[in-house]
Each structure stands twice: as C-alpha cells, then as structure tokens.
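K.L.:
Heads up: the sequence lines are chains Y and L, in that order. With our numbering applied, the first sequence covers 98 to 438. With our numbering applied, the second sequence covers 98 to 438.
Treat the hints with care, as some may be off.
One copy or two, either will do: identical chains are not told apart, so a pair holds if it fits within one copy or between any two.
Subject to a maximum C-alpha distance of 30 Å in a straight line, what follows is the list of computed BS3-like cross-link-like pairs (lysine-lysine) [what the hints assert, rightly or not]:
1) 340 / 308
2) 333 / 264
3) 207 / 169
4) 284 / 333
5) 284 / 169
6) 414 / 333
7) 340 / 207
8) 414 / 284
9) 308 / 169
10) 333 / 308
11) 308 / 284
12) 308 / 264
13) 225 / 333
14) 225 / 340
15) 264 / 225
16) 184 / 225
17) 170 / 182
18) 182 / 340
19) 182 / 414
Just so you know, the hints here were simulated from the structure itself, not pulled from any lab data.
Below are the chains, spelled out letter by letter.
Number of protein chains: 2
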Amino acid sequence: MGGDVGLPVTVPAAVQIARQYPDTHFLLTGVPEQIEQALRQANPGDLSRFEIVPASEVVAMDDPVEVALRRKKDSSMRVGVNLVKEKRADALVSAGNTGALMAISRYVLKTMEGIDRPAIATAIPNQKGGATTMLDLGANVDCSAQHLLEFAIMGVALCEAIDNIQKPTVGLLNIGEEAIKGNEVVKEASALLHCSGLNFYGNVEGDDIFKGTTNIVVCDGFVGNVVLKSLEGLAKMIGTMLKQEFTRNYLTMAAGMVARPVLNRFRDRVDNRNYNGAALLGLRGIVFKSHGSADIFAYTRAIERARGAVVRGLLEKTATAVTQMTQRIDRDNAESTIEQK
Amino acid sequence: MGGDVGLPVTVPAAVQIARQYPDTHFLLTGVPEQIEQALRQANPGDLSRFEIVPASEVVAMDDPVEVALRRKKDSSMRVGVNLVKEKRADALVSAGNTGALMAISRYVLKTMEGIDRPAIATAIPNQKGGATTMLDLGANVDCSAQHLLEFAIMGVALCEAIDNIQKPTVGLLNIGEEAIKGNEVVKEASALLHCSGLNFYGNVEGDDIFKGTTNIVVCDGFVGNVVLKSLEGLAKMIGTMLKQEFTRNYLTMAAGMVARPVLNRFRDRVDNRNYNGAALLGLRGIVFKSHGSADIFAYTRAIERARGAVVRGLLEKTATAVTQMTQRIDRDNAESTIEQK
Chain Y
98 MGGDVGLPVT
108 VPAAVQIARQ
118 YPDTHFLLTG
128 VPEQIEQALR
138 QANPGDLSRF
148 EIVPASEVVA
158 MDDPVEVALR
168 RKKDSSMRVG
178 VNLVKEKRAD
188 ALVSAGNTGA
198 LMAISRYVLK
208 TMEGIDRPAI
218 ATAIPNQKGG
228 ATTMLDLGAN
238 VDCSAQHLLE
248 FAIMGVALCE
258 AIDNIQKPTV
268 GLLNIGEEAI
278 KGNEVVKEAS
288 ALLHCSGLNF
298 YGNVEGDDIF
308 KGTTNIVVCD
318 GFVGNVVLKS
328 LEGLAKMIGT
338 MLKQEFTRNY
348 LTMAAGMVAR
358 PVLNRFRDRV
368 DNRNYNGAAL
378 LGLRGIVFKS
388 HGSADIFAYT
398 RAIERARGAV
408 VRGLLEKTAT
418 AVTQMTQRID
428 RDNAESTIEQ
438 K
Chain L
98 MGGDVGLPVT
108 VPAAVQIARQ
118 YPDTHFLLTG
128 VPEQIEQALR
138 QANPGDLSRF
148 EIVPASEVVA
158 MDDPVEVALR
168 RKKDSSMRVG
178 VNLVKEKRAD
188 ALVSAGNTGA
198 LMAISRYVLK
208 TMEGIDRPAI
218 ATAIPNQKGG
228 ATTMLDLGAN
238 VDCSAQHLLE
248 FAIMGVALCE
258 AIDNIQKPTV
268 GLLNIGEEAI
278 KGNEVVKEAS
288 ALLHCSGLNF
298 YGNVEGDDIF
308 KGTTNIVVCD
318 GFVGNVVLKS
328 LEGLAKMIGT
338 MLKQEFTRNY
348 LTMAAGMVAR
358 PVLNRFRDRV
368 DNRNYNGAAL
378 LGLRGIVFKS
388 HGSADIFAYT
398 RAIERARGAV
408 VRGLLEKTAT
418 AVTQMTQRID
428 RDNAESTIEQ
438 K
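With the rest of the complex left out, here is chain Y (with noise of 0.2 Å):
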C-alpha cells in the first residue's frame, strides 16, 4: 500500500515477477478490495500464485516513527514485517517509509547476533559498468569504530549474496587532505578494519564510489544519507537541464529527435532504477526498501533483489560472516593475552 504510488506499482510488478520467476509467491499485505481490484486490473494469471493479507492501515509517508510503530499496529507495513518474523514470508518488499520500515523491522524481527546496529545499503551504478554497494545510508548516526566494521561485514555478505562476488574489495569512505585523514571514528575504523580478515582496500573518497574502486564502500548513516541525496539531486539537475536544452526551441527539438537513440542509450546507463531495492541489513529477516516514487519496473528489481538475497542464502551468509569476525576477534584476544602472560 506504500510509496508514492501505492497499489498501482507494487501490484503489477509482483505480477510481472510472479510471470518471470515460477518459484515466487506473494502474500499482498493491505485492504483487501482495494488490493483485489488492483490485482485484476494487472491481469494476473494464476491467481494461487497470490493470497491477500489483511490490513487496515497505512503508514503515510510523512507519518513520524513514533506514530508507525506504537499506534499503527495493523499496518500494511507492520502485518509484512509480522510474515517475515512468522517464516510465513522469506522476504518483505515495501516502497514505504524508511524511518518507519526500519523501525518496525527492528522492533519486531530483533538484530542478529553479533550485530549492533541494523543499516541500510544500497547499490550505486559505477564507471565500470557494475555498481557500488554503499553503506550506512541513514539508519544510524553517531557511529563507532565497531559499527563501521560491521557495516563492512554486512556489506559484504550483501555483496556475495546478491552480486555473487566472492571477496568483495571494501573501502572506508574518508577525506582527501594529507593534513587530516579523517575523524577519529574513521581512524579507528580503519585499524579495526585492518585487522579483520575483510579484503579492505583501505581509505577511499568520495569519486571512488564511481570509479568502482572498492566494491562496498562504507560510511556512518549521516554522511551517508547526505551524499546519497546530493547525489540524486545532481543526478535530477542535470536530466532537467538536458531536458530543458532539448525542448528550448523547434530547432533543439529536432536535434533531440535525431539525438534521442542515443540519448535513450546514455539513460539507460546511468538509470538508477535498475538499482532499486536497498537491503536492511543485519536483521533476523529480509526487508527491502524501493524508492518510493519507483514505477513499475524499478519496484520489479527491488522484489528481484530480494528474491535474490532469499534464494542465495543472504541471512546464512551474514550469520557466518558474524560469527567468523566474532571468532577471529576472540582469538586474537586470547593470543594477545597469552603474550601478556
């Protein structure tokens, strides 16, 4: 029911991917008629492939955290996030409200073990022609040295499980000057990271998320968060403005006509749709979030992303990565007080 959109995106591409993929099921979380009347008008095929989950109501988009959480408890949001902790659902998809979305997944589903602080990634197209999967993107601010390190962990799994990299390279985003290599936090990070096994590449600037010189690149939720939207509303200038030359007059107007294949070709590139669906990670369950003003086809990727992370073992994959730094970092405790001794 979420998004800016609502039904008439998120029904029509569970369609699409329940055309495309014939082991998916979807359980349609919201009012019932409407999501009946828009599950019609989508043309479903087998309608067992579908079964609605009722729920009477929706987190608005501007809704605070507070009011998503504590009074909206039979949300479309909350009923989803329910079926994922229930094992009634391997993955939730929503185009709703972050704050929200994050909250209730991890008020309900809990942190795995071995993880602080849930965060929020997701994956940049890249000059190589892939993507960067960046990380924290708003889920958490203040962070500590340790965060960062599990962020990098998370990222990873991500990384292996969606992207199917094995030893994804990670970069710890950081300034350029010689005079001040970043705050403390970042120092710390990267020492830690130093030592944890991970392919750490080791600092990385801002450009390197598109020159794609590390796979993952992590960051603290507000530097995050910031760059992100930076970035979309350069991104939102510039198409405007490419926009605006091309229909300035008749004669621009037809220079864009004979132009427009190749115009279309440059936009698919540098399409940000191709990469919806940003994980919550290092919670006891899958939840995706789309934008929330995808249209059909960029909600399609984000439930392809999910449906990817369930069916490549995402939750093992981060439980393993987990466990494994927790090992390691025990070890090399109990070395350094064997040499103590």
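Starting from the known structure of chain Y, fit chain L onto it as the hints suggest.
P.N.:
Okay, now just chain L, sitting in the frame of chain Y:
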C-alpha cells in the same frame, strides 16, 4: 607555480584579468626565469602591472602538510601568503595543494578574532541558475556546534561580498529520516543558529544544494569534502558516458554533430569552471584556492572571485559579523543572568 599545470595556466589567466580589470596588479611568486618566459608568451601588454617575487621552491600536490609548512619556507605558496601578511598583496590565489595552503595560511596569517577554525567555502551551481555556497569542505573534521555557527557567519559574509546578496539564507545540512534527525552536534548547531539572528532557514538535505533552497549550506568538513568529491565523481561519470554514447559509431557521431549546439549549451550551464575558486575563510587575509586541474578560463574565475572579495570588503564584513555575533551572545548571556536574579 602550483596546481596540475602551473605557469601555463596561472600566468595567462593573470594576464587576461589584468586586461579585463584595470585596477588589478599582480605579484607573481616563483622561479623568476620560468615566470618571465610564461609572461612573455602570454602577451602581457603593460609589464608594469606584473611584478615577479622570487621563490625558489614549489609545494608539490602530494607534499605532506608538514613538509610544505616546515621544510619549504621559500615555496611560491609561502612567499605568496607572506605577501598577504605584509599587506603587499590584497589577496592570494593558488591552484596548489589545498591542505598545505590552508596550513600555511593559518600559520602565517592567523585566524580572525572570534573565529576558532578557518573554513573552506565553494559555490555549487544550482537549479535556480545561481549557486549555493557550501562550507566547510575539508578544513575541519570533528566540528563542534559552535564551529558550525562560525561557518554560517563566515558563509554569510562571503555571500554578501561575492554574490552581493543581503541577509542570505542559511541551511544546516542534515539527514531526512524522521527517526533520527541528525547527530548530536547538528542538533545543537540548529539550536544555536535559531538564536543567532542570521537568516536561518533550518535543516536542509543533500538535494537542497541543487534546488537552491538556501543561499548557504553549512556542514562539517568531513561531510562537505565527501559530498563534494562524490558530486565531482558523478558529474565526471555522466560526462564520460554521454561522450561515449555519442562517439560509439558513425551514426551516433552524426547525431552528436546535429546535437552539438544543444549539448554545448547544456555543458555551459553545468560547467563548474564558472564557479572555480574556493575561499579560505576566517583568516586575517584573503586567500582563494583554485581547483588543481583548472584551465585558464577556470583560473580567471578564481582570480575574479578573489578580486570581488577585496573590492567588496570580505574581511571587514566578516569581522563585523563576528563582532555582532559576539555582542549578541554577551547580551543574551547578560539577560539570562538578570533573569536568573
């Protein structure tokens, strides 16, 4: 002498500005023979407008700050800062190593009374057709709320002096999630700014930089640097991809020929060379930092901005703003003392 290119950029740019503004005189610091040669090639006209001040060393772009500051005491950069200190120059423009320039400027010129930390500010083109002034961009990590307030005060003075805007609006860069409205420092800074008497708009998000929601966007140097580098990375990737698509084959090249006038207009609008020249604020002297990779046109823009700052009294404006703020705080403190009695 500094920057990626050095004299072939800096000297012709100075010559061009000398031609354009009859009130400008240039002190060119560096190796005399090399400067003389560059000057001859640039066809300077009236040579009395150019004076060469010898300096035997050059700060390399990758020199550690300590080396630039302690070991290269006869660098073109250091000699330039000394000229500002001795009031032989009204302003310094350099395309050299940012960290070194800030460290040397701070060491030689000192900070203004009432300013604890100098900051770096730049202008970023926005959708409204103007530019958003953003600071700090990397001079300070681990900032306090008081520092963010200082940045706002300095940003206002810069905006009034360079862009000639009265009572420019100030936004505090923050994240958008309802759950977690920024980290502790940002929350405290918001409270300070609300009582500051500045034209404080409130919190802004990353995309507001491009929407032009406020004239000034304030953030700590870590965030500012990462955002700026990320934006440069995205802009570069978009430019590269657009070029790749138009040069893919004869057909796309033909389309590119037809579309060229439109694409050129577009390029001019998003061309950040127009806004080259970051201001080092809060010092007892005017210092502008050009992008290291600036070409002649971009470098003239940095010189123009520095000239504007001199002509429209940036230092006086900043000093006045700081004094007013200090008096205001003293008065508020006095009032609250009376109330307590």
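K.L.:
Look at each hint and say if it fits the structure.
P.N.:
Comparing the hints with the structure gives:
1. 340 / 308: both (26 Å within a copy, 16 Å between copies)
2. 333 / 264: between (34 Å within a copy, 28 Å between copies)
3. 207 / 169: Close inside one copy (19 Å), not across copies (57 Å); limit 30 Å.
4. 284 / 333: So residue 284 and residue 333 pass the 30 Å test across copies only (28 Å; inside, 34 Å).
5. 284 / 169: between (42 Å within a copy, 28 Å between copies)
6. 414 / 333: neither (36 Å within a copy, 35 Å between copies)
7. 340 / 207: neither (46 Å within a copy, 48 Å between copies)
8. 414 / 284: Within. Shortest intra-copy distance 27 Å satisfies the 30 Å Cα cut-off; inter-copy 37 Å does not.
9. 308 / 169: neither (43 Å within a copy, 34 Å between copies)
10. 333 / 308: both (20 Å within a copy, 10 Å between copies)
11. 308 / 284: within (23 Å within a copy, 34 Å between copies)
12. 308 / 264: within (19 Å within a copy, 40 Å between copies)
13. 225 / 333: both (22 Å within a copy, 13 Å between copies)
14. 225 / 340: both (26 Å within a copy, 15 Å between copies)
15. 264 / 225: This pair counts as within: shortest intra-copy Cα distance 18 Å, inter-copy 45 Å.
16. 184 / 225: neither (38 Å within a copy, 50 Å between copies)
17. 170 / 182: within (15 Å within a copy, 66 Å between copies)
18. 182 / 340: neither (46 Å within a copy, 49 Å between copies)
19. 182 / 414: So residue 182 and residue 414 pass the 30 Å test inside one copy only (19 Å; across, 60 Å).
Figure legend: structure checked against the earlier numbered hints; hints not met, in rising order: 6, 7, 9, 16 and 18.
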